[in-house]
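Sequences are here, hints too, so could you generate the full structure?
Number of protein chains: 2
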Amino acid sequence: MATLLKKIKEVSLIERFSKVLKPSGPSVIVSIGDDAAVVRGAKGFYRLYTVDMLVEGTHFKKGESYELVGYKALAVSISDIAAMGGEPQYALLSVGLPEKNALVVAKKLFKGIASCARKFNVDVIGGDTNRSDKLVIDCFVVGTVEERNLVLRSGAKPGDHIFVSGPLGGSILGKHLTFEPRLKEARFLVNNLKVTSMIDLSDGLGIDLNRVSSASGLGAVIFEDKIPKAKGVTKIKNALFDGEDFELLFTLSQRDSFRLLRMMKKNKNAMPFYQIGRMTDLFDGVRMMTRHGKVEEVGCDGFKHF
Amino acid sequence: MATLLKKIKEVSLIERFSKVLKPSGPSVIVSIGDDAAVVRGAKGFYRLYTVDMLVEGTHFKKGESYELVGYKALAVSISDIAAMGGEPQYALLSVGLPEKNALVVAKKLFKGIASCARKFNVDVIGGDTNRSDKLVIDCFVVGTVEERNLVLRSGAKPGDHIFVSGPLGGSILGKHLTFEPRLKEARFLVNNLKVTSMIDLSDGLGIDLNRVSSASGLGAVIFEDKIPKAKGVTKIKNALFDGEDFELLFTLSQRDSFRLLRMMKKNKNAMPFYQIGRMTDLFDGVRMMTRHGKVEEVGCDGFKHF
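Here the protein sequences come in this chain order: A and B. Quick note on the working numbering: the first sequence kicks off at 50 and runs consecutively. Quick note on the working numbering: the second sequence kicks off at 50 and runs consecutively.
Keep in mind the hints are simulated off the structure, nothing from the lab. Please note that the accuracy of each hint is not assured.
Copies of the same chain look alike in the list, so a pair counts if it fits in one copy or across any two.
Okay, derived cross-link-like pairs now, DSBU-like style, lysine-lysine, Cα gap no bigger than 35 Å in a straight line [what the hints assert, rightly or not]:
#: 1; residue 1: Lys110; residue 2: Lys224
#: 2; residue 1: Lys157; residue 2: Lys280
#: 3; residue 1: Lys71; residue 2: Lys157
#: 4; residue 1: Lys92; residue 2: Lys110
#: 5; residue 1: Lys206; residue 2: Lys233
#: 6; residue 1: Lys156; residue 2: Lys111
#: 7; residue 1: Lys243; residue 2: Lys160
#: 8; residue 1: Lys110; residue 2: Lys149
#: 9; residue 1: Lys111; residue 2: Lys160
#: 10; residue 1: Lys149; residue 2: Lys111
Dropping the structure here:
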């Protein structure tokens, strides 16, 4: 797992890159800076492209199940497509394999990739394999989304309610290799409600809600006692900063928020969504109301007291 | 540079993978096994997807110009799209960077990527950056091709003439970092002739012509004195087995072959193409007629004498 500070450095690295590059042509709706790139597709549709690299020692440890690592490699990119409101279609995978036991490792990896591909109906249509001292897997996923269902990070409005799709924190203890991309949940949301912004929680609520706030030009206030904690997580800082939860973070207008809560009340088997706060134009950044009624700033690198 | 034997091991690794994976849906025209995957696109078009990973120590040496490495990372994938008869549109890049000097290295890499992107009119629309002990760059390119212009490895017919787009061998001495993907040449060919099969020469004429022969279910005979050698290359084995030439290898019917030769004769500024042999249904594999009138088998791992 990359430490928090490293993650933030990476963010600024990508942003620096984007300035060097050729400006995008008119078919590009969203370039670098959201969960996936968006380009024009067939009439009424956009195409989505996302890529995620997993490196041994950073995203998984040497000795962890190769089958689970393969599953995770594809699942991370499917989660990005879900966060745009779309459906994944195709995947291509590049694998850098250490020479020792290359065939055994590759077989396990691809078994995990195949199980994820079947589960989410993704066609693996290409790949490249190479020698590498440490295991590296890079996964590229192509998706599609109806124009009306596309959700960006930047669409939140003042007063919108903030939701997450599940309890947070402690993913490093194992869930980060076995999580379920919230594809079904995201498709349910975009097909039934007007989701104003969405992101998948890869770097933790602290960083990712700051991303939504910043992209939308707003602030966010969240309530400590409303933030669902994963089993075994006792401290709020783990729910905010552990990362790799891969739950959805999204915003709805107050009207749609009430509609969602009514749907959940009516149907006890409904997917669980947790309302944790609301967007505001009164300040920038993310603030949390603690259990003790204090307000703290939730930065990308932890709490700051006022 | 990967040695020849390693390359061949990689080929069989990809093929093993493809059997484990979920069978592709009906929108997939070509899955793993050609220069790029082909799926249905807008009416009259196919979409092309390709991925190539470059690893420090395998595809470039530590200390080589990062700007040239960046250029190569994108150029290799553009070459794959060209070999399908298509045009590249979008690229996404994953980069694994050593912690030391990460920003300096990234800046140079992306300068090289940007210069290649501008030259071939490709929009870089996404990426992922990570920490990695050794530098890894993985490049995905999305392309498009008119249905009538799609060229696979498998379409060669008995009697077809075999061509290459430039002199071969010695790429490791520097050209492998500065080569020009033969996009213009490939588009000229598919727009003016019926190209029956095509591949880009990434692993050398020896391996890649065997790939075309095998995919087309035919044999090939080439003539030693017709094979153009790059400047500084004196031995035929370097022209056949060095790899990373990134020239086009393609086949034309006898009629189209004569048309191409006439076009070249008429126009002295025309692109140079070299006729090196022909396809046959008399045997499998690749055989070469030497300068001395002997016939040798050109395997994936060198010559075999009869």
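Now the hints, each set against the structure:
1. Lys110 x Lys224: Within one copy only: 14 Å inside a chain, 37 Å across chains, cut-off 35 Å.
2. Lys157 x Lys280: Intra 29 Å, inter 45 Å, cutoff 35 Å: intra-copy only.
3. Lys71 x Lys157: Between copies only: 15 Å across, 39 Å inside.
4. Lys92 x Lys110: neither (44 Å within a copy, 46 Å between copies)
5. Lys206 x Lys233: Close inside one copy (25 Å), not across copies (48 Å); limit 35 Å.
6. Lys156 x Lys111: both (17 Å within a copy, 30 Å between copies)
7. Lys243 x Lys160: Neither, since 37 Å and 40 Å both go past 35 Å.
8. Lys110 x Lys149: Close inside one copy (17 Å) and across copies (21 Å); limit 35 Å.
9. Lys111 x Lys160: both (18 Å within a copy, 33 Å between copies)
10. Lys149 x Lys111: Both ways: Lys149 and Lys111 sit 13 Å apart in one copy and 22 Å across, limit 35 Å.
When held up to the earlier numbered hints, the structure conflicts with 4, 7 and fits the remainder.
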